[in-house]
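Engineer: One-letter residues, chain by chain:
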Amino acid sequence: MAFAAYLLLPLIGLAVWRLESVRRLDLPARIAVAFAAGALITGAVMTLMSIAHLRWSRTALVVILAVIALIGVRASRPHWPGVSPGHVGRRAGRPAVAAGTAALLILTLYGLLDARESCGDLHFFWGPKAVRFFREGGISLASMSERMNPGYPPLLPLLYAWSHTLARQFSWFAAVASTALFLFGSVAIVRGTSGDDRGALLMAATLSYTFAVAFAAGGGEPPLVFFETLAIAAMTFIDAPVLVAMGLAGAAMLKIEGATFVIAVVIADLLVRRNLKRTLLIAAPAAALLAAWLGFVKYTGLFELYRGAGMPVYFAALPATLLTIAKAASYDLWGLPWIVPIVLVALGKVRRAMLPLAIAVLTFGAAIFFYIHLPDPTWWILSSAPRVLLTPLTALLIAAVAAWYSPAAHGVVPEGEKAEGSGREVRRHSGGVVDQVRRLQGDRLPEGSGAELQRLPQVRLPLPPLGPRALRAPLR
Amino acid sequence: LRDRARTAIVWVAAVIFAAALIHRFHRLGGPYFTMPETVQDHVAPAPYPSRDVILLARRAAEIVPRGATVTAIEPSQAPNYDVTLWLTAVGMMPRHRVVPPEAHPEYVLAVRTPFTNPSYHLITALPEGRIYEANR
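Protein sequences, first through last, are from chains A and B. Residue numbers for the first sequence follow our numbering, so the first one is 1161 and each next one is one higher. Residue numbers for the second sequence follow our numbering, so the first one is 14 and each next one is one higher.
Simulated from the structure, these hints should not be mistaken for laboratory data. Predicted model, so just to flag it, every value in this text is computed and none were measured. The C-beta atom is built at its ideal place from N, Cα and C for all residues, glycine as well. Wrong hints could be hidden among the right ones.
[What the hints assert, rightly or not] Pairwise CB distance ranges (calculated): (1) A74(B) / S1303(A): 44 to 50 Å; (2) R108(B) / P1401(A): 44 to 50 Å; (3) V1222(A) / R15(B): 48 to 54 Å; (4) S1303(A) / A147(B): 43 to 49 Å; (5) E115(B) / H1533(A): 26 to 32 Å; (6) P1479(A) / V96(B): 27 to 33 Å.
Work out the full structure: start from the sequences and follow the hints.
Structural biologist: What follows is the structure, given as structure tokens:
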């Protein structure tokens, strides 16, 4: 029952399926996005109940969230066909990649359930905090030990408290196992937004391994990486501002490092895309939530936690800091988790990967900046860097996918031209322009059906944003 | 050619990461296919004291009166007790008031080594550790 609480989250967030950008994704990615939305909605409902001094109870939460889920189901029902206009047609030929990805995810599941990847922070403070929230029936920071990081953003303890409320007991193993959902969700989002199976395989392999080495399971990093993946992938591959805003808001409410991530995304977006209005729009929800939380933390006298960045900087500690970070970043495998995506970016088109690359560099730099606030941060780095560096690593992995991503291949490819990054085999029949449009819209077609002219009237409009633009070029 | 090179790189990396993960799981020791008792069972080849605290706190929650003040320590670390041990007990004993060791609680959960403070006496010794009560 405790784990079922996490499985219910996509149902609570199902309303996001109405969004055009979500409708274009394949089913696993749509479920992952709904999972993100459900987590945010559940956290928001629990927070609002706390603000209104309404004590959480299983009945109250289930009724409110069930109503939200029902509204979501009704709202998204017209968009429920099993086949989405994503990349279904192109994926059929890659069972080996799918099997490889599944094998890695099963390996991770084993590591989680056999308690080989558990994060110490889970039973030091994330879990105890959730248990306390549950017993108080709301967000309660009063007289909480400072060792339990009371000023940390509350989304993860809220999700754990939701599971606790539904199951009437806190399941430590359900909390650890929830990491699998965040990992699967991250991989599904990258696969669904980029249409790149090999990129998803690399993501699954790298994160499965690094999560284990960093002992991230049950801690704040798996959901943080999940929301960060949503934000970066939605910016890089499908240009979906609502999903970016969701990802940023989730990251900001999970950990202090999430706020750093939001700032890095804002700077990277301004540098690469140079659209101030758009950048402000995607960051606004995260900024508003963070401002509200910081106001609350200041009101409760717990603002000290956030004064760390104002502490003196020890530049003399920089060389030792860099060496220790390099040691932690090697992930006991000579830095392979970094080397592989860097090589793939170098072999691909670097320009296409500029946005996630900038985010990776900025978040890596932010980690170094925070570490040199101690004269000797060695212990701090060794105990936290493998987890903290998962953020720049994730951005780098997405950059490695982006460097091989072709917006044209994502939509319509001129006949005879290689579908670069799309997963379609070179020299295979493209299926013709109309067939490609129909695949975009979700029709299952054999390769080169030869039925283009007869079925032309069945093409449904409106096309996805890239469709009409991409369609005009080959027809010209 | 570049596309094939990319495929090869991704596959080789995936195989290496999978092999490294299996090696890591093996290095952390067995048993490999029995349900672990705590979420900390296999995070190190030799179990951490926090694992013992999880097990002891579960038992102590049934023995120590509700609402009593409790802490958890590894006595050999005195006087610089590991804060993570009593923090771990916070989540395990929600019906008790778990406090830091310096707060002189009514009950002390001691793992690994006996607690020899004359202000406390042993009330029970369990396979997971010992429970002490303050002298009245």
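Engineer: It remains to establish, for every hint, whether it holds in the given structure.
Structural biologist: Against the structure, the hints:
no. : hint                           : verdict
1   : A74(B) / S1303(A): 44 to 50 Å  : violated, 21 Å
2   : R108(B) / P1401(A): 44 to 50 Å : holds, 47 Å
3   : V1222(A) / R15(B): 48 to 54 Å  : holds, 53 Å
4   : S1303(A) / A147(B): 43 to 49 Å : violated, 22 Å
5   : E115(B) / H1533(A): 26 to 32 Å : holds, 27 Å
6   : P1479(A) / V96(B): 27 to 33 Å  : holds, 31 Å
Against the hints set out earlier in the document, violations occur for numbers 1, 4.
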